[in-house]
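K.L.:
Sequence:
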Amino acid sequence: EFNLLFDTHDLVEGAWNDVDGMEVMPILSPHPLETTILRFRAHGPDGTVRTYAHYADLSSFKVIDSMTTDDPDAPGLSPADAADAKAAYLEPADLKKVDVGGGIIHGEAQDFTKDSSEELLLSHGVWGDSAKALNNARIAAFGESRLFFPLEEDWQERAAGIALGQYFPTVPQADLDLLASCPVSTLAAGEVLCRKDDPIQAVYLTLGGRLERFDDHGKSLTSLRAGALVNALEHVRGHRASASFKAAVDTVFMTIPGDDFRHFVTRNNLAAEFERIDGIFTALSACSIFAELKSMPGFVEIASAAKTVSVKAGELLDFTGKFLVVISGRAVVFGGTNVVNFTGPGDVCGEHSAFGEDGDLFRARAFDDLTAYAVPVHVVVDKPLILWKLRERYEQRLAVVKSEFCFRWRPEYSMGLPEIDESHESLFQATESIMLQRKSPKDRIKKLWQAFNAHFIEEEQLMAETGYPDLAAHHEEHLRLLVTIEKVEGQLNSGESDESLANAMKECLIHHTLIMDRRYLPWVLPGKGVSSQD
Numbered sequence: 046e047f048n049l050l051f052d053t054h055d056l057v058e059g060a061w062n063d064v065d066g067m068e069v070m071p072i073l074s075p076h077p078l079e080t081t082i083l084r085f086r087a088h089g090p091d092g093t094v095r096t097y098a099h100y101a102d103l104s105s106f107k108v109i110d111s112m113t114t115d116d117p118d119a120p121g122l123s124p125a126d127a128a129d130a131k132a133a134y135l136e137p138a139d140l141k142k143v144d145v146g147g148g149i150i151h152g153e154a155q156d157f158t159k160d161s162s163e164e165l166l167l168s169h170g171v172w173g174d175s176a177k178a179l180n181n182a183r184i185a186a187f188g189e190s191r192l193f194f195p196l197e198e199d200w201q202e203r204a205a206g207i208a209l210g211q212y213f214p215t216v217p218q219a220d221l222d223l224l225a226s227c228p229v230s231t232l233a234a235g236e237v238l239c240r241k242d243d244p245i246q247a248v249y250l251t252l253g254g255r256l257e258r259f260d261d262h263g264k265s266l267t268s269l270r271a272g273a274l275v276n277a278l279e280h281v282r283g284h285r286a287s288a289s290f291k292a293a294v295d296t297v298f299m300t301i302p303g304d305d306f307r308h309f310v311t312r313n314n315l316a317a318e319f320e321r322i323d324g325i326f327t328a329l330s331a332c333s334i335f336a337e338l339k340s341m342p343g344f345v346e347i348a349s350a351a352k353t354v355s356v357k358a359g360e361l362l363d364f365t366g367k368f369l370v371v372i373s374g375r376a377v378v379f380g381g382t383n384v385v386n387f388t389g390p391g392d393v394c395g396e397h398s399a400f401g402e403d404g405d406l407f408r409a410r411a412f413d414d415l416t417a418y419a420v421p422v423h424v425v426v427d428k429p430l431i432l433w434k435l436r437e438r439y440e441q442r443l444a445v446v447k448s449e450f451c452f453r454w455r456p457e458y459s460m461g462l463p464e465i466d467e468s469h470e471s472l473f474q475a476t477e478s479i480m481l482q483r484k485s486p487k488d489r490i491k492k493l494w495q496a497f498n499a500h501f502i503e504e505e506q507l508m509a510e511t512g513y514p515d516l517a518a519h520h521e522e523h524l525r526l527l528v529t530i531e532k533v534e535g536q537l538n539s540g541e542s543d544e545s546l547a548n549a550m551k552e553c554l555i556h557h558t559l560i561m562d563r564r565y566l567p568w569v570l571p572g573k574g575v576s577s578q579d
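Mapping the sequence shown onto the working numbering, position 138 (from 1) lands on 183, and the numbers just tick up by one.
Derived by calculation from the structure, the hints in this document are not laboratory data. Glycine included, C-beta positions come from ideal geometry on N, C-alpha and C. There's no promise every hint is true.
[Unchecked claim] Distance windows between CB atoms, simulated:
1) G359 <-> R564: 27 to 33 Å
2) P463 <-> E68: 49 to 55 Å
3) D220 <-> A336: 32 to 38 Å
4) S448 <-> M112: 45 to 51 Å
5) G359 <-> D199: 54 to 60 Å
6) T300 <-> A358: 46 to 52 Å
7) A233 <-> K532: 53 to 59 Å
8) D427 <-> R321: 19 to 25 Å
9) D126 <-> A336: 50 to 56 Å
10) V426 <-> G359: 27 to 33 Å
11) L50 <-> K532: 26 to 32 Å
[Unchecked claim] The calculated lysine-lysine pairs, modelled on BS3-like cross-linking and capped at a C-alpha distance of 25 Å, are:
12) K551 <-> K487
13) K264 <-> K241
14) K487 <-> K532
15) K291 <-> K339
16) K159 <-> K142
17) K532 <-> K491
18) K428 <-> K352
19) K107 <-> K131
Let the hints inform the model, and build the full structure from the sequences given.
P.N.:
Written out as structure tokens, the structure reads:
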């Protein structure tokens with residue numbers, strides 16, 4: 046899931062790299078663990094240039110000296126490299142943070158006595174006395190910030206516009222801008238925003254801080270991050286406030302007059318959509334996958350995108366680009382021909398779709414007449430908490446498959462590629478045969494390793510011929526599986542039972558044959574190929 050959550054940038058060491066307008070320079074640091082320190086640079090509208098140096102886990106000059114040698118054949122640093130490292134450490138910046146707690150993996154505060162940075166912050170196990178010894182250094186206060194370039198636009202109006210856009214994606218921008226220009230206030234920690242059963246005079250949108258919903262006795266029930274829209278649905282229905290809210294910390298909020306909000310809803314025909322989303326919101330809130338999601342706009346975005354689906358008992362469920370949250374009825378999930386589990390109201394199925402896996406390993410049929418909400422994968426790929434929960438559920442089902450897995454080829458494992466299917470079937474046969482042998486661990490592991498390695502070579506050649514774009518990543522997975530097999534030899538030699546070997550081989554066969562290999566099918570299936578130019 047890494048590529049779903051991060052936009053990676055390869056950085057050139059010792060050079061300024063542009064990353065969306067922010068320049069970053071990684072610099073080699075002779076350190077046993079963290080070998081790169083970072084400098085950041087930005088340009089202001091008036092041409093001003095500001096730099097921030099983030100120097101984490103440095104080596105002290107004493108440690109650098111201990112690694113320095115004139116012998117080019119000996120391990121260590123040359124005198125020139127050592128001098129370059131010290132010069133990089135002391136290069137001034139407008140703001141510099143250095144880890145100077147001492148020891149093998151941290152620098153020493155006294156090394157920065159001659160540092161001419163405008164502001165020098167000491168961190169990582171350093172105390173006040175060390176800072177006092179350096180006239181130009183100090184220890185930052187918790188939560189402290191330094192502003193280099195003030196934002197020209199009103200951040201509050203901008204934040205309101207973003208949140209409102211998530212709540213109402215179909216509304217014209219001009220109407221959103223009207224709401225986003227409402228007055229902004231600050232609620233001190235502990236102050237009450239509204240109380241249950243109060244008449245609603247306004248709808249509130251939080252822009253910073255955090256709200257807590259509390260009961261009649263003042264007990265906190267739940268918390269909401271910035272972006273919470275309070276009293277909206279109740280006001281549309283003409284009801285009083287349904288809950289009490291107070292500020293958990295100092296909280297910035299926008300007050301939208303009640304009449305203005307009702308006119309906004311009427312003008313954009315949102316009342317029916319409010320009710321639809323509220324029903325889905327309530328159902329999803331009861332599902333453990335969404336239980337810890339504190340972002341109300343994100344939650345509403347998911348509810349807005351969800352669609353109701355109904356499936357007759359016995360019908361196969363479709364997970365293309367989506368997963369299902371069951372509302373009523375049950376689904377039975379299969380791993381191959383074996384029943385993995387039953388999924389009922391408030392649970393999910395089809396979670397494998399969130400990770401680009403196809404349905405050949407897991408299939409599901411409606412056991413009863415079933416109603417569910419279909420949640421598109423694209424609305425959760427930017428929500429790590431949901432992906433984490435879905436991954437946990439996926440791994441739970443895999444564990445069931447693994448516990449019941451035997452080393453015999455089944456027709457449902459087929460990929461539709463005769464040469465690869467034959468090769469996969471031979472792996473199953475070889476594994477089953479070797480598992481039944483009582484030869485030395487070394488001989489058995491060697492045979493398994495050779496069988497898998499030969500298959501991997503054949504497979505990668507096919508990928509190269511068809512232009513499969515993720516060949517390099519697939520090759521790395523092959524290497525990882527080979528290492529998994531190699532590690533088992535040591536476990537067996539140390540007296541562990543054959544169960545170690547069985548579990549390792551189940552992992553290899555399930556992950557490789559039933560999951561990983563299916564990702565390249567669109568490139569190699571006859572008549573369904575995808576060229577490298579596509």
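K.L.:
Confirm or reject each hint.
P.N.:
Each hint, compared with the structure:
1. G359 <-> R564: 27 to 33 Å: At roughly 30 Å between Cβ atoms, R564 and G359 fall inside 27 to 33 Å, so the hint holds.
2. P463 <-> E68: 49 to 55 Å: With Cβ atoms ~53 Å apart, the hint holds.
3. D220 <-> A336: 32 to 38 Å: About 33 Å separates the Cβ atoms of D220 and A336, which means 32 to 38 Å holds.
4. S448 <-> M112: 45 to 51 Å: holds, 50 Å
5. G359 <-> D199: 54 to 60 Å: holds, 57 Å
6. T300 <-> A358: 46 to 52 Å: holds, 51 Å
7. A233 <-> K532: 53 to 59 Å: Once the Cβ atoms are compared, 57 Å apart, the range 53 to 59 Å for K532 and A233 holds.
8. D427 <-> R321: 19 to 25 Å: The hint (19 to 25 Å, Cβ to Cβ) holds, given that D427 and R321 are roughly 23 Å apart.
9. D126 <-> A336: 50 to 56 Å: Taking Cβ atoms as reference, D126 and A336 lie about 53 Å apart, which means the hint holds.
10. V426 <-> G359: 27 to 33 Å: holds, 32 Å
11. L50 <-> K532: 26 to 32 Å: Since L50 and K532 have Cβ atoms about 29 Å apart, the given range 26 to 32 Å holds.
12. K551 <-> K487: holds, 19 Å
13. K264 <-> K241: With Cα atoms ~13 Å apart, K264 and K241 stay inside 25 Å; holds.
14. K487 <-> K532: Satisfied, since the Cα-Cα distance of roughly 11 Å is no more than 25 Å.
15. K291 <-> K339: holds, 16 Å
16. K159 <-> K142: holds, 15 Å
17. K532 <-> K491: holds, 12 Å
18. K428 <-> K352: Since the Cα atoms of K428 and K352 sit roughly 19 Å apart, the hinted pair holds (cutoff 25 Å).
19. K107 <-> K131: holds, 11 Å
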